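**Student:** Sequence:
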Amino acid sequence: MNYYQLLGIDQKADQKAIKNAYKKLAFQYHPDKNPGSQYAENRFKEINNAYQTLSDPEKRALYDLKINYVSFQKSFTYEQPGQRYGNYQAKKYHYQKGYSKYIKERNRIANWWAVGILAVISVIYLVMDGINDYLVQAEEERLLMVEENILADARKKYAAGIFNEALGILEKHLDENGNRKAVNALKKKYLEEIRRQGYNDYYNQDYEAALHAFEILFRYQGNLSLDFYNKVAESSRKVGNYHDAIEAYQYIARKMPGNMEANLQVALIYTYDLKEYEKAIRFYRKAKEITIKKYIEEYGKAFVLVFSPERIPDSHYILYCGLGLAAKEINDNQGALEALEWAVILRPDRPEGYYLQGLLYQSTGDDNLACENWSVAYSLGLEEAGRLARLNCQGSKGAVTGPLR
Numbered sequence: 002m003n004y005y006q007l008l009g010i011d012q013k014a015d016q017k018a019i020k021n022a023y024k025k026l027a028f029q030y031h032p033d034k035n036p037g038s039q040y041a042e043n044r045f046k047e048i049n050n051a052y053q054t055l056s057d058p059e060k061r062a063l064y065d066l067k068i069n070y071v072s073f074q075k076s077f078t079y080e081q082p083g084q085r086y087g088n089y090q091a092k093k094y095h096y097q098k099g100y101s102k103y104i105k106e107r108n109r110i111a112n113w114w115a116v117g118i119l120a121v122i123s124v125i126y127l128v129m130d131g132i133n134d135y136l137v138q139a140e141e142e143r144l145l146m147v148e149e150n151i152l153a154d155a156r157k158k159y160a161a162g163i164f165n166e167a168l169g170i171l172e173k174h175l176d177e178n179g180n181r182k183a184v185n186a187l188k189k190k191y192l193e194e195i196r197r198q199g200y201n202d203y204y205n206q207d208y209e210a211a212l213h214a215f216e217i218l219f220r221y222q223g224n225l226s227l228d229f230y231n232k233v234a235e236s237s238r239k240v241g242n243y244h245d246a247i248e249a250y251q252y253i254a255r256k257m258p259g260n261m262e263a264n265l266q267v268a269l270i271y272t273y274d275l276k277e278y279e280k281a282i283r284f285y286r287k288a289k290e291i292t293i294k295k296y297i298e299e300y301g302k303a304f305v306l307v308f309s310p311e312r313i314p315d316s317h318y319i320l321y322c323g324l325g326l327a328a329k330e331i332n333d334n335q336g337a338l339e340a341l342e343w344a345v346i347l348r349p350d351r352p353e354g355y356y357l358q359g360l361l362y363q364s365t366g367d368d369n370l371a372c373e374n375w376s377v378a379y380s381l382g383l384e385e386a387g388r389l390a391r392l393n394c395q396g397s398k399g400a401v402t403g404p405l406r
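Each step along the sequence shown adds one to the number in my numbering, with nothing skipped, and position 18 is 19.
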């Protein structure tokens, strides 16, 4: 099959025309576009083979030589002696001494033709090979001259702090001309510098500057780590880009289905920043499922009786406090109470669980239990619990005495 005809282009087509024809046909016959079609799959392979040959100057030259020779063979007809002279000549020279000499002469002429054709083909090959080398060298020199301007322009933009434009210039050249070594090296150098600066800004708590660097890395660099996404999420939350933070945490959760922390952070944003408690509870429940599974793996199904609260991470305590608050806000008092009881079990020396229990009991009208819990929270150092006790618990069982700290 003629590769030029397969791609629908002329034999004199330039590289751009070859590439455009290939893209169009590859898109048309790609297996993803034609699921289950054996014809499309075979056609796609043929188109790919044609492009691999014609896009390589050396392979193309050899292919052109091959099809030109085949065309020459079809146009050149060598008649055997018996065919040319017919039965009459065969009978005339049959058993005659001159017939044998005639056959030898014709064979000698045929051999000379074959030698001549091979010589011509060899010369054509050498000429085309030389032309191809010249064209390849000329194209390389042209690209090098273009790259000098590209690199200079990119360096100028980068030095001026216009990082997006600098990388855009390099990216465009690589997209059009393949993996050019000098251009690719400069792009990698700039991306590494931007990554390093972004991390420094993050650790220095300059989250706006860090996000600016992170956005550039998102655009021009692949294979970003989960730690990178975590920094993006934290920085986004710090500057108030809550939905960007949620998106980054959800990406981490998809990549690490057993990661409780990512689901917890989404839940906390919905609880404390966006006040969307129904959504928060969905993610608290996901995080809770993961924590319960880990409890069972470590302690067995009766983990409630044997597990050690002090060995449980603080994040689990934060989970139950947040779940208790979100459940309270949607009037799921039973769910809130269960979550906050777990919080107190995990961290009996922390005030937040008692404080939230006080709010829950206040909302249900149980003032004595509310005051008792606020009193405990205040004794553990939470000033807000003492303030609430002062306002609501005078004369109650859990009333706070003495000055507020």
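Careful: at least some of the hints might be erroneous.
As the list claims (entries may be wrong) - No farther apart than 30 Å at their CA atoms in a straight line, the calculated lysine-lysine pairs in the DSSO-like style are these:
| id | residue 1 | residue 2 |
| --- | --- | --- |
| 1 | 105 | 157 |
| 2 | 105 | 60 |
| 3 | 280 | 295 |
| 4 | 158 | 189 |
| 5 | 239 | 25 |
Quick caveat, the hints were computed from the structure, so don't treat them as lab data. No experiment lies behind these values; they were computed from the predicted model shown.
**Student:** Compare the structure with each hint and give your call.
**Tutor:** Results of checking the hints against the structure:
1. 105 to 157: violated, 77 Å
2. 105 to 60: violated, 40 Å
3. 280 to 295: holds, 24 Å
4. 158 to 189: The hint holds at about 16 Å.
5. 239 to 25: violated, 46 Å
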